[in-house]
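Peer 1: These are the residues of each chain, in order.
Number of protein chains: 2
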Amino acid sequence: MKNDERRSFWTWGHVSDEPSEEVRLAAAQAASKRTGIEVLPPPIPSIESISLRAPRLEVPTSLSDFVSVATIDRITHTYGGHSLELLKAIRGQFDEPPDAVAYPESEEQLEQVLEWCIANKTTVIPYGGGTSVVWGLNVPKESERAVSVDLERMNRILEIDEVSRAAHFQAGIYGPDLEAQLKSIGLTLRHYPQSFPWSTVGGWVATRSGGHYATNHTHIDDFVESIKMLSPAGWYESRRLPGSGAGPSPDRMVIGSEGTLGIISSCWLRLQKRPKYRASAGVLFADWYQGTEAVRAIVQSKLYPANLRILDPVEAQLAAGVAGSHALLIIGFESADIPQRLSIEHAVAMARDHGGVIDDQAVIVDDGTGSATGREGSVGAWRNAFIGVNAGAQLGLGLLSDTFETAITWDRWPSFDETIRASVGAVLHETIGKGATLSCRFTHVYPDGPAPYYSFSGPVPIGGEQEIWHLIKTAANDAVVGAGGTVTHHHAVGRMHKEAWERQRPELHGDMLRALKSTLDPSSNLNPGVLINS
Amino acid sequence: MKNDERRSFWTWGHVSDEPSEEVRLAAAQAASKRTGIEVLPPPIPSIESISLRAPRLEVPTSLSDFVSVATIDRITHTYGGHSLELLKAIRGQFDEPPDAVAYPESEEQLEQVLEWCIANKTTVIPYGGGTSVVWGLNVPKESERAVSVDLERMNRILEIDEVSRAAHFQAGIYGPDLEAQLKSIGLTLRHYPQSFPWSTVGGWVATRSGGHYATNHTHIDDFVESIKMLSPAGWYESRRLPGSGAGPSPDRMVIGSEGTLGIISSCWLRLQKRPKYRASAGVLFADWYQGTEAVRAIVQSKLYPANLRILDPVEAQLAAGVAGSHALLIIGFESADIPQRLSIEHAVAMARDHGGVIDDQAVIVDDGTGSATGREGSVGAWRNAFIGVNAGAQLGLGLLSDTFETAITWDRWPSFDETIRASVGAVLHETIGKGATLSCRFTHVYPDGPAPYYSFSGPVPIGGEQEIWHLIKTAANDAVVGAGGTVTHHHAVGRMHKEAWERQRPELHGDMLRALKSTLDPSSNLNPGVLINS
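Heads up: the sequence lines are chains A and B, in that order. Each residue of the first sequence is one higher than the one before, starting from 1 at the first, in the numbering used here. Each residue of the second sequence is one higher than the one before, starting from 535 at the first, in the numbering used here.
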């Protein structure tokens, strides 16, 4: 269990997830080659060398068993997982650490720490796996004192209902731990955000994370059966229901509240039977927009593939080694009960109708008879395909690398893509110039539109990362919101997207959120500055 | 267009929807035969014979073009569609009519009437098709004066986006009118609540209505892309997005608000291509619970049938003429693009695995090559299969007939069903005795549980309907909520379910709703008494 291990203070996950010196050196050599300027990995500061502001509070004896003011706890809870944060961490900059970190083991301890914080005008930062990439976990400068409330000791599966296929998870359980326990009974949650190895159920629900399924049920929202949350106003627990039309949904008011209304302590999530039948295909397109038209045809046919992700030529080359300039569409079906041959054949036929190229023998069908497609190691392969792994390897090497993601209706595509590339590309050209890259893939798709995910990178002067990033991000936010998209499809709002989100949502929605916050958190102890200005 | 015709004041829909004297007479004869007591259809009061309280307001000249104080308008807007309401109507009892009815034709007129009501402390009842069966449209006794705001003149499709498959509907458009317009371009909304012919887009969204699809996307919620609503605090318009993870959803706060936060004026809804391929099967089960186990197997296989509805033996006999004591499971698949033979074969095989009986040749597959399955008239057939049609025929004959519907996780099924039947059955026995019926079908099903729909009926003394109904309904609410269900799956809360809903939802959820209402409707003009006590 990961929960027993110490978290890293400068990369996603735990100490064992930190890239080795060899990996960091190799990354530095690659960076040197890319830019022509020799760089070395920056030294990792020792914990002893990091000086923190003295805690601005005293932990009462009654809480000292599970509330810590130790430096290591405070530095591992100062930042989320955004690269600018990790860059500060690796440079030993911890200007606004929490004054203490609480590790409640029970609902009673959760109540105790919240009561203590409220009584002492202390900011509370609900903390799951710490992988926020939108500055959702930081202590605001304005706070007189702050406690990070880390749920990692509330990490059990409280109950599994195999008949309804649902389980009651404590909020602090990590993805791999939950899957390991479900596997033994043939079930799975199948929710794999990029942060899967290091993020928690509570974090997923609080931030509306996007998961495994590229179509149909894409967000964790769709798997939530009920939520239990502690707010300053008291406990909030919704009823387990497979469906309801009774009033505005109690769950949907909490899903996406990002720790501003309460601390999610547990929730019931819907499960799947483990897939037995699978089918997959990788289809090449000479033209990116022909490929996205194929995606539209397939998603609108409602075949509901588990995977329907297209990479533009830049990403196809980088992530999948596709030669030349081809977009790559990855189609995948899976089922516990139904062979998937016909589904993949339909989808491949549609892709070919739109100019897609794939050999018949490259359409892989596992009819549940063997392990020929090598799916056993899929979770491992999945993990390594994602940027989260070894995220820290490039820190401090003068390489900027980030992503932004959105969703847009099909009628605005591809002009939306052209606008984004033109706007963000212009700023990349101004700020980075040669060596800048901008690429796109679809992480999720809907009958009425795709969720495009953009990545950018390029060499920047060491020390100039933040300033240049800010220029690019501002251009990206302006372009996305200006062209009709959402400022985030599944990364959440946090503090990073708050201002752009205000331009996107109904103005009264902000007033409604403030009204909800006043009701549940009247003294604004919880994650102030996230989502809304209170 | 239905919108041009006058509404009936004593049954669902318009004057042309009223049952004829012949139909009413036949219903009376059937009732006489059932009870052994001869009854005749009650006379329909003439509009002239109905005396109403004088309007407690004066319509300013600036609004007189579209605000009426005519008796016919006021009596057609006094009640929703619940049988006890219609019974009062047919008896000429209109104690709490709205003082005026507004028919705005534009957003400007909508603003004008709302401003007028706010300035004059007037209750506003947003009115769609008037089919509420939960007392969602009544004027509260406490109101000093009230205006029903009927959206039927805002009934256009403002825009159709064929690429994204979505359309922008004004709130007052009726189901058949919108389908007729979409049909010409090969699209369909495919949302058929029981009230489909007489209900409106705005009403569906305001009340979270349940539709055509028995699995996967069951509620209108799943088809909402954006909403435009006028509240006393101003306009609220969400952005068209295929998916988003940005904060608590702006749409989900409005969906299900039942006219308490604002008046929905238009919304973008997702559309479907018209189905070409279809497959259906009716499978018999000697045992009701064996049948429901088959439903669980099929829905958990994620084949996503459009229809997966099981009728218990009582309903199978009444609605489908199934002889003996058999439950009937109706399975249906449809697709615009993909032949459905394999899907129906898989589903039928699962049903047979659970003891279901069907001949091979009774599995009907239309591979898009002809009209052999007679689907052209399906909307008409659908309408007539529902209780809404000729609902008024039995009014005043001493027959009580109503339904209640819920949802429950599978782990509590079938004990949930046993509890409901025992509790409600006992009260039916006490109040009605011989001749009482209680039956169940599933209207919608989810991987984690079904949405059971109960019907009860029986002869009661004429004049005693309300008292007996109240005893039965109280028992039903208590049983449903006590056994873990929701007090409504798609009929909405209104005033009828408010008290029971309070026992079901998190207590703080009520405070949250009141906070939202204070924000958007600070003087509580909008539908006071619905959902929450303000």
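Accuracy of the hints is not assured; some may be wrong.
Claimed, not checked - Facing chain A, according to a computed beta carbon distance under 10 Å, are these residues of chain B, among others:
hint	residue
1	Pro579
2	Ser580
3	Ser743
4	His753
5	Ala941
6	His963
7	Glu1041
What the hints assert, rightly or not - When the alpha-carbon atoms are kept at most 35 Å apart in a straight line, the in silico DSBU-like pairs for lysine-lysine are as follows:
hint	chain 1	residue 1	chain 2	residue 2
8	B	Lys807	A	Lys276
9	B	Lys675	A	Lys273
10	B	Lys810	A	Lys276
11	B	Lys836	A	Lys302
12	B	Lys567	B	Lys836
13	A	Lys88	A	Lys302
14	A	Lys183	B	Lys836
15	A	Lys273	B	Lys622
16	B	Lys807	A	Lys273
17	A	Lys88	A	Lys473
18	A	Lys473	A	Lys121
19	A	Lys302	B	Lys717
20	A	Lys141	A	Lys498
21	B	Lys807	B	Lys836
22	A	Lys276	B	Lys675
23	A	Lys302	B	Lys810
24	B	Lys675	B	Lys655
25	B	Lys807	A	Lys302
26	A	Lys33	A	Lys88
Simulated from the structure, these hints should not be mistaken for laboratory data. Backbone N, C-alpha and C fix where the C-beta goes; we use that ideal spot for every residue, glycine too.
Peer 1: Of the numbered hints stated earlier in the document, which are not met by this structure?
Peer 2: 1, 2, 6, 9, 12, 13, 15 and 22
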